[in-house]
Every structure is written in structure tokens, then in C-alpha cells.
Amino acid sequence: MKKLKVLPMSLREKKRYVGFKVIHEKGEDFAHEDLIAAVWNTLLDFYGEYGVSNLSFQIVKNVWYEKKKMGVIRCKHTEVPKVIAGLGLISRLGDTKVTIKILKVSGTLKKVKEKLAIEAKRKDY
Amino acid sequence: MHIHTKFSEGESTVEEIASMAKKLGYSGVCLVYYPNKFKEKEKLEEEIKNVSKAYGVKIFLGFKARNVRELNFLVERRKEYDFLLVRGGNLNLNRKAVETPEVDILTHPELERFDSGFNHVMAKLARKNNVAIEFNFREVMITSKATRSRILKNLKTNAMVCKKYGAKMVITSGAISVWEMKDPLVLASFGTLLGMSIEEAKKAISSVPEEMIKMVRERRSKKWIRPGVKIV
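Line order of the protein sequences matches chains A and B.
Under the working numbering, the first residue of the first sequence is numbered 1, with each subsequent residue one higher.
Under the working numbering, the first residue of the second sequence is numbered 126, with each subsequent residue one higher.
Mixed in with the good hints there might be a few duds.
Claimed, not checked - 27 Å max Cα-Cα, derived DSS-like pairs, lysine-lysine: (1) A:Lys68 with B:Lys148; (2) B:Lys183 with B:Lys348; (3) A:Lys111 with B:Lys327; (4) B:Lys148 with A:Lys61; (5) B:Lys183 with A:Lys123; (6) A:Lys5 with A:Lys110; (7) A:Lys76 with A:Lys3; (8) A:Lys121 with B:Lys147; (9) B:Lys164 with B:Lys204; (10) B:Lys168 with B:Lys339; (11) A:Lys67 with B:Lys147.
These are computed hints drawn from the structure, not numbers from a lab.
Can you build the whole structure from these sequences, using the hints too?
Shown next, in the form of C-alpha cells:
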């Protein structure tokens with residue numbers, strides 16, 4: 001299949017990457033898929049389909065620290081507060097009570113990954 | 126700011142709250158109790174002191190008045206604790222709260238109301254008497270659909286009025302459990318949704334509470350007599 005030509009830099013949307021950590025109840029666990037579903041459902045509930053389309057929001061699926069429950073979300077650079085406030089509305093994943101901590105907001109995935117790598121080495125939580 | 130423990134309608138202990146506050150990057154939290162626990166103040170203070178030392182998080186003791194009688198009771202004993210909060214929602218109590226200089230925070234003035242429970246007259250009084258208006262994240266988090274949209278609309282109106290008349294704003298998690306405590310960035314982002322600029326929202330979770338803490342220290346010193354009067 002023919003690949004779509006990429007837009008020139010000037011026309012591409014500016015994005016931000018938000019690194020986050022899910023702090024959850026001890027002894028309880030949840031799957032990454034549960035989190036993805038919860039994030040989508042919460043944002044769709046709160047902002048609606050049209051609102052979410054403006055966020056240019058997506059979960060970076062290949063960056064997920066299963067043990068430390070850390071991941072990355074990508075969104076439009078002007079909509080970062082909306083995405084973060086939306087994430088804050090998540091208080092449960094299935095039966096597990098959770099709260100979300102924002103670790104880093106950056107324009108490059110590399111910087112966020114670096115921060116997550118540092119956090120992954122921390123032993124205090 | 127504004128967290129309830131197991132001892133006051135909440136679900137978590139002081140230790141759990143301090144531990145979560147540290148994880149989320151808070152340097153201090155304010156635990157809120159009702160005046161019926163006032164007799165056990167010494168015990169609460171002792172517990173708070175021990176936990177605060179163990180976790181390295183400053184913990185402040187606040188009391189929340191639910192009616193005029195409780196407010197008068199707490200105003201009389203203002204020097205004995207850190208923060209005085211008033212549970213909003215009732216128009217008379219909202220008005221009384223912003224008229225009382227001893228009050229630190231008027232919490233959720235729009236609680237269980239169809240209107241915003243707060244107007245320009247109250248905003249002017251709040252500014253004059255240095256009373257901060259609370260924007261409670263929990264109210265939005267636990268509601269949905271029509272109720273949530275009504276609350277958001279009221280919160281936006283209150284933010285607009287506060288901005289216009291220069292009344293102080295504080296954004297709190299209003300948590301009753303550690304799982305309802307939110308990252309400071311989440312609360313600041315919530316402020317921007319209500320029409321605050323990012324600077325105003327950050328101020329509402331950092332410098333406004335900081336100013337209040339300064340005031341608390343001053344108030345608890347022996348030189349303080351009442352708002353505007355101290356021994357020099």
C-alpha cells in the first residue's frame with residue numbers, strides 16, 4: 001500500500017508528551033488496557049467526542065513501565081492542562097483505587113523517557 | 126489544603142495522608158476536622174506533630190464550621206488552631222464567612238446549590254477580610270453529566286467574580302481519602318479549566334496557601350490579639 005506523504009514541518013501540529021505514574025493500592029493490580037480504556041472513557045465523558053478531537057490525544061503504547069506503572073501520553077501543545085485535568089478525574093481502575101502523578105511534560109519523547117528511567121530507579125515508591 | 130481524615134468523615138489515617146502527600150510532592154497539607162472534635166485538639170495536635178516529623182511533611186490543623194453557631198465557637202478560639210474553614214452552600218453562612226476576618230477559607234460556596242452561592246458583594250467582602258474562596262476538585266470528580274456541568278458552570282462564575290474583585294482563590298483536592306488527593310499539576314490544570322490563567326492557577330495552589338501559612342504563624346504567636354491588632 002502506498003504510504004501517505006508526511007506533512008511539511010510548518011503544517012504539523014506541535015505536540016507535548018506527558019509522563020505520568022499511576023499510584024495504586026498495595027496488593028491490587030490493573031492491566032495497561034484497563035488504564036487506556038479508563039483514560040479514553042474519562043476524557044470522552046468530560047470533554048465529549050468533539051472536545052477530545054481537539055486534544056489530538058493519544059497514549060504512547062510502547063512506553064509503559066509495568067512494574068512502576070508509568071506511561072506517556074501525547075497531546076496538542078495548547079491542550080496540556082485539559083489532558084492533565086482529565087487524568088486527574090480518574091480515581092478507579094476496575095476495583096483498584098488509583099491517583100495519577102504527573103512526572104514530566106516535554107516537547108520530546110526522549111526527555112520524558114529519560115525522566116521515567118530516573119523514576120524507575122527510585123525505590124521510595 | 127482541605128483533607129478529611131478517618132477522624133472527620135474521611136477514610137484515611139494521618140500517616141497515609143502524609144505518605145501520599147510526600148509521594149505527590151506536597152510540602153504541606155491541611156487536615157480538616159469538625160468542631161465536635163475540638164475537645165480532642167491536644168490529641169490531634171500530638172498525632173499531627175509526630176507524623177509530620179516522621180514523614181517530613183508540614184501538617185496543619187484546620188477546623189470547619191458548618192453553621193453560624195459553630196463559626197462563632199471557632200472564632201472565639203481562633204488562636205488555638207491553624208486554619209478556620211467554613212462549609213459553604215448556605216447563603217447566610219457564605220455571607221457571614223466573608224464578613225469574618227478570622228476565617229481563612231470559604232469552602233465550596235456553590236455546594237448543593239443551583240446558583241453559584243457567591244456574588245460580587247461577597248467577593249468585595251472576601252477581599253477586604255482576606256478570606257480565600259475554595260475551588261474543590263472533588264466536587265467535579267465525584268459527579269457526572271448534568272450535575273457536573275452545573276457545578277463547573279458555578280465554579281467558572283465564582284472564578285470570574287473572584288478575579289474581577291481580587292478575592293483570593295485556592296484550589297483544593299477536598300479529599301476524604303488518600304486516593305482522592307491529586308497531583309499539584311492536576312489542580313493547577315483544573316484551575317485553567319475554570320478560566321484562570323496558568324499563573325493564577327499556580328498561585329492558587331502555592332503562594333496563596335503560603336501567605337495563609339505566614340498568617341497562621343503570626344496568629345499563633347503571643348503577640349497576635351485579633352485581625353489587625355498585635356502587640357509590638
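Status of each hint after checking the structure:
no.	hint	in the structure
1	A:Lys68 with B:Lys148	13 Å, holds
2	B:Lys183 with B:Lys348	23 Å, holds
3	A:Lys111 with B:Lys327	23 Å, holds
4	B:Lys148 with A:Lys61	25 Å, holds
5	B:Lys183 with A:Lys123	23 Å, holds
6	A:Lys5 with A:Lys110	24 Å, holds
7	A:Lys76 with A:Lys3	24 Å, holds
8	A:Lys121 with B:Lys147	17 Å, holds
9	B:Lys164 with B:Lys204	15 Å, holds
10	B:Lys168 with B:Lys339	24 Å, holds
11	A:Lys67 with B:Lys147	20 Å, holds
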